[in-house]
Amino acid sequence: MRTVTDGVVTGLAILATGIVVVPLIAIFVYLIYKGASSLNLAFFTKVPAPVGETGGGMANAILGSAMVLALASAIGVPIGIGGGIFLAEFGRGTKLAAAIRFTADVLNGVPSIVMGLAAYSLIVVPMKHFSGYAGGVALGFMMIPTVCRTSEEMLLMVPHAIREAALGLGVPNWRSVLSITVKTASPGIITGCMLAFARVAGETAPLVFTALGNQFWSTDLNQPIAALPLQIYVYALSPYDDWHRLAWAGSLVLIILIVFAVSLVRFVTSRGVLKGAS
Amino acid sequence: MGVGIEVINLNAWYGTNHTLQDINLNIPANHATALIGPSGCGKSTFVRCINRMHETNPIGRVTGTIRIGEIDVYKDAKPVEIRRRVGMVFQRPNPFPTMSIYDNVAAGLKLNGYANRRALDEIVEKSLKNSALWDEVKDDLKKKSGASLSGGQQQRLCIARALAVDPEVLLMDEPASALDPVSTSKIEDLIFQLKSQYTIVIVTHNMQQAARVAEKTGFFLNGRMVEFDSTHKIFTNPSDKRTEDYITGRFG
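Chains as they are written, first to last, in my numbering: chain H, 2 to 279; chain X, 15 to 266.
Please keep in mind that the hints were generated in silico from the structure rather than gathered at the bench.
Note that beta-carbon positions come from the ideal geometry of N, C-alpha and C, so glycine has one too.
Keep in mind that a hint or two might mislead.
Claimed, not checked - Derived Cβ-Cβ restraints for the label pairs, each shown as a range:
hint: 1; chain 1: X; residue 1: Ser164; chain 2: H; residue 2: Ser271; range: 23 to 29 angstroms
hint: 2; chain 1: H; residue 1: Phe261; chain 2: X; residue 2: Thr70; range: 43 to 49 angstroms
hint: 3; chain 1: H; residue 1: Leu123; chain 2: X; residue 2: Gly127; range: 39 to 45 angstroms
hint: 4; chain 1: X; residue 1: Asp149; chain 2: H; residue 2: Arg267; range: 34 to 40 angstroms
hint: 5; chain 1: X; residue 1: Tyr128; chain 2: H; residue 2: Ala37; range: 55 to 61 angstroms
As the list claims (entries may be wrong) - A few chain X residues that face chain H, going by a derived Cβ cut-off under 7 angstroms, partial list only:
hint: 6; residue: Arg106
hint: 7; residue: Asn108
hint: 8; residue: Gly122
All chains should be built: construct the whole structure from the sequences, respecting the hints.
Here you go:
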């Protein structure tokens, strides 16, 4: 009887894993099937072709996405981690911390288009034009609550004994927090940042009325700028088959770039980790 | 060199719980002093008052006087300064998991801004030799993580880490209770060697251990110190009935 139960539970676990993994693989395979054929050098080097002409690429959108995401990370990661450190280490048990935690949770559930609206009214309206800055701020705001809450959770998982060890050596509390607690929790904190990054990298809605999109080569964050999700959105809704194919290729590239960026960060941050460290 | 510790009318609370009541004793310099007593009697709280770790708990509170040598722990110095003079070894080995063996030992100095590399190398070697760990780890000081060592090695690493900041007093809160008998006897040998240089206070549940390593023993019960005397007297001819009951195993 026990082996039967064991078999059933193991089977259910495998089934659940399959249900999780299958759509992921299916989407990826389908993307490769639909998009890979349209991938060529021009896709990475050329800007979109005018309506009616064939060919063209998404070089501007790839660059635009990279710039907007860099700005978003520059805003979301430090503020998010700083907030997480405050919640876990300095504000524990205070009303301020409870308020921040609640706000972050609510913010996490706010639809992404509302974030775009906020950036629109905060930046686009005063500046009187759409810009890459507004897009970066919208995505950065979206990253903050995720990064903040995961950082807090990861810091709280650091054993109390480790903090005591540092304090017991006569290390001031702030130093112990930065050099011991945060360092010990850093693999988890980095994972949180990567999750937040990957999530906003594919966001379209917050960019619609902030970064707006751009059919031309532009490196100016102060001007409307192209982004892969926006470009995919526009192309996918267009009536042209050629653009549909480019949208498929763009989706594939977007996923590959996200995987690449996440792997790169993991690789860079995992070097120097010692043998036997948990 | 170690210095003596003088405790006068020490009281400590956790919230409304009066964990230590009117403790008075003199801990001699360069000797090992054992504190015994049943769980929850206040031994750990007592050693945590000596290096001001008790107050890191938000509901911890202390009154009374502790002098380490000439220094009044609660009047003359900041907690971080006291903790540099008073090393602490905890019940469970707690090396910093992200650091190498070398960095674990050097942590106390490095995190306080000490950057002389050659001197650090020497201090790390000396501390690891003093904690009888050098021969086992000298080949992978910077290659292996402190967390990759065995439990007994980790505890000796923690002792080396405490010694590296050159304290005068070494507090050990049940340092061997999570270790196997072989590791335990290594720690005890170590305490024997170290007490010529440091004043050692060791909390233990193991009465044989107290008898083996300590010249003086204090018996704690329900937040009070019942008896404090030479270890020999405590274990052979205690003056208090409660001490006798405890060491003969009639309760606790």
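Going through the hints against the structure:
no.: 1; hint: X/Ser164 <-> H/Ser271: 23 to 29 angstroms; result: holds, 25 angstroms
no.: 2; hint: H/Phe261 <-> X/Thr70: 43 to 49 angstroms; result: holds, 44 angstroms
no.: 3; hint: H/Leu123 <-> X/Gly127: 39 to 45 angstroms; result: holds, 41 angstroms
no.: 4; hint: X/Asp149 <-> H/Arg267: 34 to 40 angstroms; result: holds, 37 angstroms
no.: 5; hint: X/Tyr128 <-> H/Ala37: 55 to 61 angstroms; result: holds, 57 angstroms
no.: 6; hint: Arg106; result: holds, 6 angstroms
no.: 7; hint: Asn108; result: holds, 4 angstroms
no.: 8; hint: Gly122; result: holds, 4 angstroms
In summary, the structure agrees with every hint in the numbered list given earlier.
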